[in-house]
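Student: Listed below are the residues making up each chain.
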Amino acid sequence: MNRLKLPPWLVLLLPAIIILSAVVLIPLVLSLYSSFTSYRLTRPDSIFNWVGFFNYEKALTDVKFWAAFGRTVLLLTVALNLEMLFGLGLALMVSKVTQGQRLLRTMMMFPMMFSPILVGFQFKFIFNDNVGLVNNALQSLGITDQAIPWLVDGQLAMFSIIFAEIWTATSVFGILILAGLYAIPRDPLEAAKVDGCTAWQSFRYVTLPFLMPFIYIAMAIRSLDVARAYDIVQIMTNGGPARRTELLWTLIGRTGYVDARMGYANAMGYISIFLAIFFTIYFFKKLTQSRKELGMGA
Amino acid sequence: MAQVHLRDVVKKYGPLEVVHSINLDIADGEFVVLVGPSGCGKSTTLRMVAGLEGISGGEVQIGGRVVNDLPPRERNISMVFQNYALYPHMTVRENLGFSLKIAKQSQAEIDKAVDEAAEILSLTPLLDRKPGALSGGQRQRVAMGRAIVRHPEVFLFDEPLSNLDAKLRTQMRVEIKKLHQKLKSTIIYVTHDQVEAMTLADRIVIMRDGHIEQVGTPLDVFENPVNTFVGTFIGSPPMNLLDGVVKGNELEFADGTRLPVPPGYAIQDGQAVTFGVRADNIMPVGHALPRGEHMAEVEMAVDLTEPLGTETLLFATLAGTEVQAKMLNPRPVQSGERMTFQIMLDKCHLFDAETGASLRK
Ligand SMILES: Nc1ncnc2c1ncn2[C@@H]1O[C@H](COP(=O)(O)OP(=O)(O)O)[C@@H](O)[C@H]1O
Ligand SMILES: [Mg+2]
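The listed protein sequences derive, respectively, from chains A and B. The numbering of the first sequence is our numbering, which starts it at 457 and goes up by one. The numbering of the second sequence is our numbering, which starts it at 10 and goes up by one.
Everything labelled a hint here was simulated from the structure, so no lab data went into it. Even for Gly, the Cβ is constructed at its ideal location relative to N, Cα and C. A couple of the hints might just be wrong.
Reference listing, derived: stretches of chain B covered by chain A, where coverage requires no fewer than 3 residues with Cβ under 8 Å from a Cβ of chain A [claimed, not checked]:
no., segment
1, 79-89
2, 101-111
Heads up, incomplete: computed chain B residues facing chain A, CB under 10 Å, no partners named [said to hold, decoys possible]:
no., residue
3, N92
4, H98
5, P140
All chains should be built: construct the whole structure from the sequences, respecting the hints.
Tutor: What follows is the structure in structure tokens.
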């Protein structure tokens, strides 16, 4: 008998390798491969129709794609910055509370516990132009007598989506920044007081540098989230009106499943991943840098 | 330059009072050391002067101003913390210049002050490093430099040397003393180490459980402790204490051993007292200082020896209590060896057995 002798480490790792390739590698390779074909869901055999970089060229010259790309970057920039500011404010306030802080911390997490689908429906209702909460409130208060088309007007719809994103995810920043606040040593803050700092100056020159690593971690996590934002937008506006809230992944979803052009959708998906990779690398660089500033890490 | 006055200062944490109505007057340019065991309220007192803790009662004055309600930045003080409390994200130069930058001084002025402070503390080669790249001693010097650049009226030190190793501590102690002689500003210095207190202070303030026990020059508190606590806290090794009863001109201890009463104490026949004698004043005959005016002799068996080079510490038992004695020009001593010791009664102390208060006339 000529048995194949595998080294023991490989044998031990084999189950992990098999499972990983089944759940990660195979779909990944398959989707990457299909992005080089003219694969359509309606014609399964088209998956063998190799078209080279055609899908990629098409995506890179497609105005709709670039509009969605730009909108995603816009959403990312606006939402992340506002979430950071609100989260910072929230964390600072919670950290000052002496009683019931545990309860507040738990409450802060609530929005994160909702499924994005639910959040989408919730805000779809809140911003509905006829029966929505916002319009009703505005009209009852006499601020306006018209129904404001929150989800119908292009710019207002984008605003509403950003609002919903911020509502769900500010607590990511809040919790991480709060953790950062707890981790700040008391001594440098006291030294700053003695050195003549006002509360604002202590915050600006001591607290904030200590918080930066935490802020960048939150940014990295959230940039991945927002770069693949889908559910909330899909529910609230379905990319409309007239594609004015179309983001990368709603476009990709539509192309892949509604238009059934899976090969093309996958190609756009792979281009879009670079966006996420770019932001992740960027924020991790910032993170390393800010930790180095503080004399932490290598 | 400024005096500091504490008037009936109280600190409470909720219902818990940790500093009980203390009074202290510190002269301009004086180096005062607060010393006491851990948890006695030294840091709390210092932090009330700094403005880092609220004052629950009484009044703190700095340079004639009541500062109770002023934030630290308006008190013209600077503080050196036990854990250095440097800003980790700033270079040494930025750490030193930070307070001046906050005070909106010009860059030229800041550079000048920083260079000067760096010069005094030999930090010049380290100016562009961050605190993470400094040794403990260097960090401590940066912390001190940060305190001196501003030329404050009062310096506050909270156990600044306790994180350094023994050798460095001795070295920094000398530097702090030199610094005081150079700057001539008022210093309040907190430590639990009585050696630091003795060597640095113009005046020592001995605290216990939120009370001030005694205030005086190092020699004064060493030679005239007001109670057994101060007697045992100041001086190394701690003062030996023996309980006894006054019998005419003599003290009688539990096992019947008798010693003449030390001169200069107000006592009555039959009074229960605590007799205090430092190791320096109980020495074996032939290995002692020249005889004084009032001497007594006792015989004791030596249990243990601790040779220190120029002298040896002897642990022996007197009247059932372990006492420490000193042997000058030491020779080897066997454990269990019986020796005759002479006691310098002029330097001995009598305390009330009940309250521990000194009975000195
Ligand atoms: N924030 C606080 N809350 C309650 N008790 C405190 C607080 N800070 C200090 N204490 C208590 O006050 C006493 C004095 O503390 P401190 O001044 O730090 O002593 P030390 O003489 O060692 O510097 C201690 O018994 C300590 O437990
Ligand atoms: Mg302390």
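Student: It remains to establish, for every hint, whether it holds in the given structure.
Tutor: Hints versus structure:
Only residues whose beta carbon comes within less than 8 Å of a beta carbon in chain A count, and the segment 79-89 of chain B has 6; three or more means the coverage holds. Given as covered by chain A, the segment 101-111 of chain B passes the check, having 3 residues with a CB less than 8 Å from a CB of that chain where 3 are the minimum. Below 10 Å, beta-carbon pairs count as interface contacts, and B:N92 has one with chain A at about 5 Å; its hint therefore holds. Interface restraint check: B:H98 against chain A, minimum CB-CB distance 4 Å, threshold 10 Å, status holds.
Because the smallest distance between the Cβ of B:P140 and any Cβ of chain A comes to about 6 Å, under 10 Å, the interface hint for this residue holds.
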